[in-house]
Amino acid sequence: MKMKLLITLFALTASFSAHAALNVLACEPEWGALAQELGGDKVKVANATTALQDPHRIEARPSLIARARGADLLVCTGAELEIGWLPILLRDSGNAAIQPGQPGNFEATRYVTLLEKPQRLDRADGDVHAAGNPHIQTDPRNIALVADAMSKTLATVDVANAAYYQARHADFMARWRAAIARWETQAAPLKGTVIVVQHQAYPYLENWLGLKQVATLEPKPGVEPSIASLSAVLNKLSTTPAKMIVRSAYNDDRASIWLSQRANIPAVVLPFTVGGTPAANNLFGLFDDTVSRLLAADKVAK
Amino acid sequence: MKRTLIASGILMMLGTPAHAADDLAAIRQEIQQMKASYEARIQQLETRLAKTEAATKQADKKAEQADSKAEQASQVAAVAAQPAPSRESAFNPAISLILSGTMNHSSLSPSTYTIGGFIPSGGEVAPNARGFSLGESELAISSNIDPDYRGNFVLAMAPDNTVGIENAFVQTLGLGHGLSVQAGRFYSSIGYLNNIHAHAWDFTDAPLVYKSFLGNQYADDGVQVKWLAPTDSLLVELGAELGSGRSFPATTKDKNGTVAGAVFAHVGGDYDESNSWRAGLSYLGTGAQDRTYADVDATGVATSNAFSGKSKTWIGDFIWKWAPNGNATVHSLKIQGEYMHRNEDGNLACLDNAVTGGVCTGATGAYTSAQSGWYLQSVYQFMPHWRVGLRHDSMSSGSVALGAGLNAADFPILAAYSPSRNTAMVDYSPSEFSRFRVQYARDASRPTQIDNQFSLQYITSLGAHGAHTF
Numbered sequence: 044m045k046m047k048l049l050i051t052l053f054a055l056t057a058s059f060s061a062h063a064a065l066n067v068l069a070c071e072p073e074w075g076a077l078a079q080e081l082g083g084d085k086v087k088v089a090n091a092t093t094a095l096q097d098p099h100r101i102e103a104r105p106s107l108i109a110r111a112r113g114a115d116l117l118v119c120t121g122a123e124l125e126i127g128w129l130p131i132l133l134r135d136s137g138n139a140a141i142q143p144g145q146p147g148n149f150e151a152t153r154y155v156t157l158l159e160k161p162q163r164l165d166r167a168d169g170d171v172h173a174a175g176n177p178h179i180q181t182d183p184r185n186i187a188l189v190a191d192a193m194s195k196t197l198a199t200v201d202v203a204n205a206a207y208y209q210a211r212h213a214d215f216m217a218r219w220r221a222a223i224a225r226w227e228t229q230a231a232p233l234k235g236t237v238i239v240v241q242h243q244a245y246p247y248l249e250n251w252l253g254l255k256q257v258a259t260l261e262p263k264p265g266v267e268p269s270i271a272s273l274s275a276v277l278n279k280l281s282t283t284p285a286k287m288i289v290r291s292a293y294n295d296d297r298a299s300i301w302l303s304q305r306a307n308i309p310a311v312v313l314p315f316t317v318g319g320t321p322a323a324n325n326l327f328g329l330f331d332d333t334v335s336r337l338l339a340a341d342k343v344a345k
Numbered sequence: 018m019k020r021t022l023i024a025s026g027i028l029m030m031l032g033t034p035a036h037a038a039d040d041l042a043a044i045r046q047e048i049q050q051m052k053a054s055y056e057a058r059i060q061q062l063e064t065r066l067a068k069t070e071a072a073t074k075q076a077d078k079k080a081e082q083a084d085s086k087a088e089q090a091s092q093v094a095a096v097a098a099q100p101a102p103s104r105e106s107a108f109n110p111a112i113s114l115i116l117s118g119t120m121n122h123s124s125l126s127p128s129t130y131t132i133g134g135f136i137p138s139g140g141e142v143a144p145n146a147r148g149f150s151l152g153e154s155e156l157a158i159s160s161n162i163d164p165d166y167r168g169n170f171v172l173a174m175a176p177d178n179t180v181g182i183e184n185a186f187v188q189t190l191g192l193g194h195g196l197s198v199q200a201g202r203f204y205s206s207i208g209y210l211n212n213i214h215a216h217a218w219d220f221t222d223a224p225l226v227y228k229s230f231l232g233n234q235y236a237d238d239g240v241q242v243k244w245l246a247p248t249d250s251l252l253v254e255l256g257a258e259l260g261s262g263r264s265f266p267a268t269t270k271d272k273n274g275t276v277a278g279a280v281f282a283h284v285g286g287d288y289d290e291s292n293s294w295r296a297g298l299s300y301l302g303t304g305a306q307d308r309t310y311a312d313v314d315a316t317g318v319a320t321s322n323a324f325s326g327k328s329k330t331w332i333g334d335f336i337w338k339w340a341p342n343g344n345a346t347v348h349s350l351k352i353q354g355e356y357m358h359r360n361e362d363g364n365l366a367c368l369d370n371a372v373t374g375g376v377c378t379g380a381t382g383a384y385t386s387a388q389s390g391w392y393l394q395s396v397y398q399f400m401p402h403w404r405v406g407l408r409h410d411s412m413s414s415g416s417v418a419l420g421a422g423l424n425a426a427d428f429p430i431l432a433a434y435s436p437s438r439n440t441a442m443v444d445y446s447p448s449e450f451s452r453f454r455v456q457y458a459r460d461a462s463r464p465t466q467i468d469n470q471f472s473l474q475y476i477t478s479l480g481a482h483g484a485h486t487f
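Keeping their order, the protein sequence lines are chains S and U.
Residue numbering for the first sequence follows our numbering, starting at 44 and increasing by one per position.
Residue numbering for the second sequence follows our numbering, starting at 18 and increasing by one per position.
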């Protein structure tokens with residue numbers, strides 16, 4: 044009797060694991076959302092960070108180590124964005140599939156031309172990334188490039204469902220291209236708009252929409268704004284006026300509000316990634332909301 | 018330019034002497050003709066120039082368009098992954114250096130430091146020297162060795178110019194099935210604070226239980242095996258270590274096999290987005306042979322005592338961290354506590370000090386003890402860069418039994434006592450790589466007097482970016 048029970052149990056677990064979805068651990072929500080778009084019901088996605096957390100600075104929490112242990116595929120930004128915590132996850136996970144160099148270790152920045160590669164590397168310049176600015180997800184054309192690479196990775200890691208991923212990719216790309224065209228039309232009036240950003244997080248968005256950034260609130264990347272740095276920005280704005288102050292959902296709001304009141308320009312919160320605002324509930328929502336928030340601020344400024 | 022040339026040519030011609038009026042008229046006509054033909058040519062050249070200029074402009078525009086197209090194309094081409102940099106130095110290991118220093122003020126001399134009621138651990142547990150003193154400078158080098166292994170090396174240079182190997186171990190990378198193995202010299206994973214390097218502590222010194230039971234931190238030469246259970250988001254980690262027993266409470270022995278062994282279990286997870294926790298239970302079992310410590314005998318003459326026997330330590334630890342939405346940029350709180358209990362069972366000897374006028378005769382007797390202690394600390398970040406912390410230490414010498422042949426008066430350090438300490442600190446971290454701290458401690462480790470300790474400390478980290486353990 045016991046033996047039978049054991050065998051049934053064993054068979055159950057075996058069959059369960061055979062049909063189990065591909066476990067994807069995404070370092071940031073945008074890649075989690077993309078993996079979900081491309082993987083459909085063949086993947087089970089968990090995100091290591093939320094849009095309200097600074098992806099530079101979280102800790103290798105116990106829950107993340109547990110998730111890394113069971114992940115079949117790790118999808119991250121790379122370019123040292125996760126350098127403060129991902130190495131520990133990889134080392135402590137005891138998981139061969141997601142180690143660097145394995146197909147299960149996917150770095151989005153490897154498939155995109157990075158902007159702002161620093162001319163010199165010095166900690167005196169703050170939190171600089173040797174490979175270039177890692178915040179590539181603010182340009183939907185980058186998402187398209189990453190989607191292309193990620194669909195191939197999914198097909199490599201989970202060969203059995205390769206055709207499924209290919210079909211999902213084709214479907215996603217058709218919708219994505221149409222969406223990009225729509226956003227570009229909507230955002231046309233934003234071309235040449237002068238902005239101030241809190242963290243150097245938006246060069247790709249600026250490049251895409253033709254925004255002109257004149258200042259950052261952080262005196263150096265990754266260094267919280269101080270009254271001194273904010274006053275300097277305020278000074279600068281008196282000679283080169285900007286239309287709005289842009290910060291990400293995870294940024295503390297006090298600096299942008301301080302400057303907004305004194306410079307008399309609107310402060311706009313962008314979702315930055317999926318989940319950053321209620322409307323940014325998927326990748327399409329992310330850009331719908333980003334564009335509409337920028338347009339709204341632009342109207343107020345006029 | 019061209020015009021001036023022609024004009025000067027004409028002038029030169031005009032300058033040639035003329036002999037006859039006929040000639041003059043003919044020359045004038047010729048000149049007129051030349052002038053006309055040159056002017057026509059110049060006009061032709063000018064129109065050609067204008068045309069070329071326009072063409073160039075158009076070409077430029079086309080080139081620009083081509084450039085932007087090429088850029089787009091290269092972005093598309095980038096899908097085929099960018100090549101890694103191929104410099105030889107790219108394979109250099111990650112190097113980081115910790116520089117730290119303190120300025121201390123204490124009402125009692127650190128050289129008289131003891132923790133009453135407990136066998137001294139022999140580690141560098143005394144408070145920092147009074148006045149200015151350099152902290153430990155720590156050089157860390159680490160790199161992947163090959164696809165399967167990673168190497169770590171930490172050299173600690175003490176302010177007295179002695180160099181010690183703090184860590185030197187190789188660990189497996191993704192062995193699979195949640196297993197990882199490391200071998201070499203490493204801080205044991207028992208407890209919470211034990212394998213965290215001093216520069217990452219929240220106070221300038223270790224809790225009293227660590228000073229007394231583990232000689233600050235338990236490090237050994239040996240192997241460690243860890244296994245993660247295949248759970249979804251709840252961490253369940255089990256591990257075991259075997260070692261040579263090179264640090265307190267163990268001693269090395271001239272024997273094959275192992276002297277010290279440890280097992281530990283960690284459980285941890287997220288309560289919600291803002292709260293996460295970890296709890297652990299560890300056991301360290303070691304043997305000691307002639308583990309000596311300095312004390313005075315019944316008549317106050319210096320002597321050396323030695324313990325041989327078994328030492329078993331249990332540790333229960335927990336840590337709970339809070340940050341609004343898990344974003345610790347502005348506010349965060351952590352509460353951490355550990356409880357340690359140790360049983361020692363063996364023989365104690367008061368070494369013969371008759372030569373120096375003492376009363377110890379080298380007699381050996383049974384020694385058993387059951388002692389415990391705990392600490393509880395909390396650190397709160399109240400604004401970016403600034404944190405405050407409080408810590409309470411409490412220990413109890415518990416039960417100490419000396420067998421026949423031993424005179425309790427010859428072991429004054431073991432007299433029953435409950436050491437305690439209260440510590441408060443404020444620190445400021447301008448960046449991830451630097452920290453300045455002010456700390457005050459009211460230390461009742463000594464049974465005789467209370468020590469008021471005040472320290473200023475700086476800790477900086479140069480080079481490779483370290484990762485943050487939980």
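Source of the hints: derived by calculation from the structure; they are not laboratory data.
Any given hint might turn out to be false.
[Said to hold, decoys possible] So these bits of chain U aren't anywhere near chain S, every CB distance computed over 10 Å:
| hint | residue |
| --- | --- |
| 1 | V284 |
| 2 | G285 |
| 3 | R295 |
| 4 | N342 |
| 5 | A387 |
| 6 | V417 |
| 7 | A484 |
| 8 | T486 |
| 9 | F487 |
[Stated by the list, open to error] Quick look at which bits of chain U chain S covers, simulated, 3 or more residues with Cβ under 8 Å:
| hint | stretch |
| --- | --- |
| 10 | 195 to 202 |
| 11 | 247 to 260 |
| 12 | 286 to 293 |
| 13 | 345 to 352 |
| 14 | 436 to 444 |
[Claimed, not checked] Restraint-style ranges between C-beta atoms, simulated for each label pair:
| hint | chain 1 | residue 1 | chain 2 | residue 2 | range |
| --- | --- | --- | --- | --- | --- |
| 15 | S | S269 | U | H409 | 30 to 36 Å |
| 16 | S | G253 | U | G181 | 26 to 32 Å |
| 17 | S | T199 | U | I182 | 39 to 45 Å |
| 18 | U | L116 | S | N250 | 37 to 43 Å |
| 19 | S | A322 | U | I182 | 44 to 50 Å |
Heads up, the beta-carbon is just placed ideally off N, CA and C, and yes, glycines get one too.
Task: Whether A387(U) stays farther than 10 Å from all C-beta atoms of chain S, as the label says - done: With a cut-off of 10 Å, A387(U) remains clear of chain S, as the shortest Cβ separation is near 32 Å.
Task: Hint check for N250(S) and L116(U) - Cβ pair distance inside 37 to 43 Å - done: holds, 40 Å
Open item on the list: A cut-off of 10 Å on Cβ-Cβ distance, and R295(U) was said to be off the interface with chain S. Does that hold?
Closed with: Incorrect as stated: the minimum Cβ-Cβ distance to chain S is 5 Å, not above 10 Å.
Open item on the list: At least three residues with a C-beta closer than 8 Å to a C-beta of chain S: is that true for the stretch 345 to 352 of chain U?
Closed with: Satisfied; 3 residues make the cut.
Open item on the list: Quick check for students: does the CB of N342(U) sit more than 10 Å from each CB in chain S?
Closed with: violated, 4 Å
Task: G253(S) versus G181(U) beta-carbon gap, inside 26 to 32 Å or not - done: violated, 58 Å
Open item on the list: Confirm or reject: T486(U) is not an interface residue toward chain S, with every Cβ-Cβ distance exceeding 10 Å.
Closed with: T486(U) not clear of chain S: closest Cβ-Cβ about 6 Å, inside 10 Å.
- [ ] Please confirm whether V284(U) is truly not at the interface, meaning its C-beta sits more than 10 Å away from all C-beta atoms of chain S.
- [x] Incorrect as stated: the minimum Cβ-Cβ distance to chain S is 8 Å, not above 10 Å.
Task: Beta-carbon spacing of A322(S) to I182(U) - inside the hinted bounds 44 to 50 Å or not - done: violated, 55 Å
Open item on the list: Please check whether T199(S) and I182(U) have a Cβ separation lying inside 39 to 45 Å.
Closed with: holds, 42 Å
Task: Distal placement of A484(U) relative to chain S, Cβ over 10 Å - done: violated, 5 Å
Task: Verdict on G285(U) as a residue remote from chain S, using beta-carbon distances over 10 Å - done: About 3 Å separates G285(U) from the closest Cβ of chain S, which leaves it inside 10 Å; violated.
Violated hints, in rising order: 1, 2, 3, 4, 7, 8, 9, 14, 16, 19; the structure is consistent with all others.
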